[in-house]
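Peer 1: Chains as they are written, first to last, in my numbering: chain A, 1 to 822; chain B, 1 to 53.
Think of the hints as simulated: they come from the structure by calculation, not from any bench. Please note: incorrect hints may appear among the correct ones.
[To be verified] With a straight-line Cα cutoff of 30 angstroms, these simulated DSBU-like cross-link-like pairs (lysine-lysine) come out:
(1) B:45 - A:503
(2) A:40 - B:31
(3) A:533 - B:34
(4) A:533 - B:43
(5) B:45 - A:529
(6) A:687 - A:676
(7) A:490 - B:22
(8) A:559 - B:45
(9) A:529 - B:43
(10) B:45 - B:34
(11) A:502 - B:4
(12) B:43 - A:490
(13) B:48 - A:536
(14) A:672 - A:685
(15) B:49 - A:522
(16) B:19 - A:103
(17) A:522 - A:662
(18) B:4 - A:525
(19) B:19 - A:485
(20) B:4 - A:672
(21) B:49 - A:486
(22) A:685 - A:727
(23) A:485 - B:43
(24) B:4 - A:503
(25) A:804 - A:774
(26) B:22 - A:104
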Amino acid sequence: MHDWKDDLQRVFASIPKEEAPQGESSLPVEGEALSEEEAKKLLEALEDAQERLTRAEQQAHGEGVSNSIRAGREGATASESREVHEATQEFEEGVKERVRRAKKAIRDIERPVKKKKRRNEEEPAQGGSLKVRSEETARESGQSTIPKERVRNPQIDGRLIIIGREILNERGVNITVEDFIQAIEEETGEHISREYYYSLFNAARAQVPFAIGKKREKIDEKKEEPLKKQEQESQPQKKPQEHHDKQESLDIDFIARLVVLECGQSGSYAQYCDRLRRRIGGKIDSMSQKELSDLFRRASIVRHPEEEKIKQNVEENRRRLFELVSLFVREFPEVTSGTELIRIMKERGYDPDIANTDDFLSFFDQAHSDAQKKSERISQSVVHPESTGPLLDREQKPSHAIQEEKDGDVIDVEGYAITPSQEVASHLYVEDDVFSKKKGRVARVFESLSERTKESVARIWDRAGIEYRQRIVRIPAFIERLHDKKAQRKKVLIEDSEAEIKKIQQELDTISELEKGPLTKKQRKQAQKDRDKREKRLTELEQIRNEGIRALDVVQEQKKKYQHTCQEMAHKTYAVIEGIASPFRERSIDLEDQYKRVWQKAMHFYNDIKEIQSIITTLEKQQKTTAIKAEKLILKEKIRALRTTLEQALSQYARCQQELSKIQSVLTQVKKKIKKWDDKIESIKTKSKPSPNRTPKASTWEPIGEYTPEIEQPEQEKKEPNVSVKKYQTLWNERFGDSLMFDISALDTIRRELASTIMPELKKVSLNETAPIKYIELLLRAYIKKVIEQERLKGGWSSKSDKKLSERTDEMITYIRARVIT
Amino acid sequence: MTYKEKVSLIEKIESECGKEIKALTLGYRQKILKIFDRVRDRKIKELKKNILL
């Protein structure tokens, strides 16, 4: 058969040793700076020490009271009673003073050094005046009479919150702020800047179980208003809002993707903006149009697997929203409408994204019904210590509670008779409630974390778990104190009985001694009467003492028994914690996996980007090279064009040169003719004097040739026939062969040379076939020019020969042309 | 101060205070005992007187 005790033993064995024992620190002790964990632990140590000191003070007071009662019982006179009272008072004050000093010293340990420093810095800022305020003035204005130099302006530290929490526990959360201020001043002996009271009040109230969400109905509204203003001034940015902003900035890209997913890829820009505004609030207004469009552009480029992931995240968000709603429903069970809950959530800095109102309302209904079921379950099993209703009926009580009552093992808790198991159960209930809040807090942390690393999640969770476990181990201590108190009462009873027995025995001894002496009959009778009376009382006292001893044994037994019960309950509770913790652990592992996957993907993208960048760089280089090449090509083209232009210009130059030489030859002939005519005129003038009536003879001048530039007659080229070079050669050699032979091979050499450089038109001349006359003539002129140059270089050539040859060339060309055409 | 130092200081303060309270309690108890002894002596004297009368 499966034994659940074995399971518990196993669970208990799995508790790390450093966490289980009470009073021992499981925290690291090295290092200067206190971690959050250490600070919390230290705060608890302070709280425990102060509690112990308070108990010592109460014990001293109890002893004093018991002595005063004893003085009355033993028949002390007024002066003796006064002596006892004075001694007791002196003793109690001494203890009180020492406890106060010790408490202060302990508190000073926790107080941060920087506060003292700040206070010192602030003092000169007040004009250096450290004058004590007039008490009368202070009383008149209703302010504290504590000197101003003691005024602190602290941050809300843990010590003050503890004090504040104690005050709220004692006097209720509906205490007015005025009363709260007074109580804090009385308790600490220090005056705190007024604007901090409000924050302190809120911070302390937040730590009081069942106080969250309750309004301060009793605070005067008129008084509250300026305080609220002060609060707003002193706390321009509330923590939840900061937290909210941080979360938004972290996940803005993610939210944008969600928005795109919700609206669809084809959603309008206005739709996107509207949805985004609902999710991140006014933050969108601070974004430029470019930032917004970039955000949506990024969000729209969603790859398929990521889209799936985001869909999963939407589901996850719905689940988280449900958890959040459940948490708020548990904390505010009085809320019955979804709208009201949204308002409360918003007040506390949570802006639930209620894209689908139906979803939210169904969540609310479900959470509400769950909470009601849970509440019913709890009310059937335990009695809450804060409950003002009657204790459970006998029929409803668990069997062990009835047995405890039968045993007369009932304790007095705030005027109610409660059995120890009920008491423990109620504490467990409180603890469970605290842990529910913790769980809620962890859930909230998960809300805010989303994509953070496992380390942060695990750290937060472990802190909550350790704290809870520490609270669990306090319960046995509570039970121990409870039984110690009972045992103490029994011991006092026994001691008192024994003291009285001793006293009576002494009296009996005295009576016996008196009886031994000579006594009258009356005296003897009186002695006997006194003896009987004392003996009777002695018997009674012995009975009381024996009963006390028996009761003490019972208490000791009970103590052992309940210690065992507590331990079992602690094991059970630990198992419950483990049960609650494991899904969170799993979730944290999931998150870690998710984180790893995201990281890998990010690395993959990063590598891709790097590769693309290198490709871009290569392409840029190639582009540059290509551009240079293209430029080169352009330049080449330009050069080619220029060269063509130059060749054309040169050929035109050659033609012009040819025409010029023609004109020059014509001019020379004209000049000759003119000279001839001038000579004739001169000879006529000298030979005969002219008669006055003589009429001049008609001019005998005839033009030698008419200049007609060939370039200006392109049509002529078409009209002129093609001639074979051979024919030209034959005609040339027939007419001019004696002076200059037409060497066709030399002519071809010149043709090739000139055609490749300055006269491309000579390419058209084919020496073996026919060619236009014009080009053959051009070739001939070039040939003759070359011959002239060659001869000139040889030195066997005069300008006369040149002139002669040039004339002959013209003559030959004209002759051949005439022969060819005809 | 480190966490350990702070905790040990708290313990020290608590222990010192405990010692002082213990000393005060002892003194007080002696004082009270004397008063009660006186009361007892007086009562026995009264008893004797009463019996002898």
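Peer 1: Does each hint fit the structure? Answer for all of them.
Peer 2: Going through the hints against the structure:
{"no.": "1", "hint": "B:45 - A:503", "result": "holds (13 angstroms)"}
{"no.": "2", "hint": "A:40 - B:31", "result": "violated (43 angstroms)"}
{"no.": "3", "hint": "A:533 - B:34", "result": "holds (27 angstroms)"}
{"no.": "4", "hint": "A:533 - B:43", "result": "holds (16 angstroms)"}
{"no.": "5", "hint": "B:45 - A:529", "result": "holds (18 angstroms)"}
{"no.": "6", "hint": "A:687 - A:676", "result": "holds (16 angstroms)"}
{"no.": "7", "hint": "A:490 - B:22", "result": "holds (22 angstroms)"}
{"no.": "8", "hint": "A:559 - B:45", "result": "violated (45 angstroms)"}
{"no.": "9", "hint": "A:529 - B:43", "result": "holds (17 angstroms)"}
{"no.": "10", "hint": "B:45 - B:34", "result": "holds (16 angstroms)"}
{"no.": "11", "hint": "A:502 - B:4", "result": "violated (50 angstroms)"}
{"no.": "12", "hint": "B:43 - A:490", "result": "holds (27 angstroms)"}
{"no.": "13", "hint": "B:48 - A:536", "result": "holds (20 angstroms)"}
{"no.": "14", "hint": "A:672 - A:685", "result": "holds (19 angstroms)"}
{"no.": "15", "hint": "B:49 - A:522", "result": "holds (14 angstroms)"}
{"no.": "16", "hint": "B:19 - A:103", "result": "holds (15 angstroms)"}
{"no.": "17", "hint": "A:522 - A:662", "result": "violated (197 angstroms)"}
{"no.": "18", "hint": "B:4 - A:525", "result": "violated (73 angstroms)"}
{"no.": "19", "hint": "B:19 - A:485", "result": "holds (22 angstroms)"}
{"no.": "20", "hint": "B:4 - A:672", "result": "violated (136 angstroms)"}
{"no.": "21", "hint": "B:49 - A:486", "result": "violated (41 angstroms)"}
{"no.": "22", "hint": "A:685 - A:727", "result": "violated (52 angstroms)"}
{"no.": "23", "hint": "A:485 - B:43", "result": "violated (33 angstroms)"}
{"no.": "24", "hint": "B:4 - A:503", "result": "violated (52 angstroms)"}
{"no.": "25", "hint": "A:804 - A:774", "result": "holds (22 angstroms)"}
{"no.": "26", "hint": "B:22 - A:104", "result": "holds (19 angstroms)"}
Going down the numbered hints, you'll see the structure goes against 2, 8, 11, 17, 18, 20, 21, 22, 23 and 24, while the others check out.
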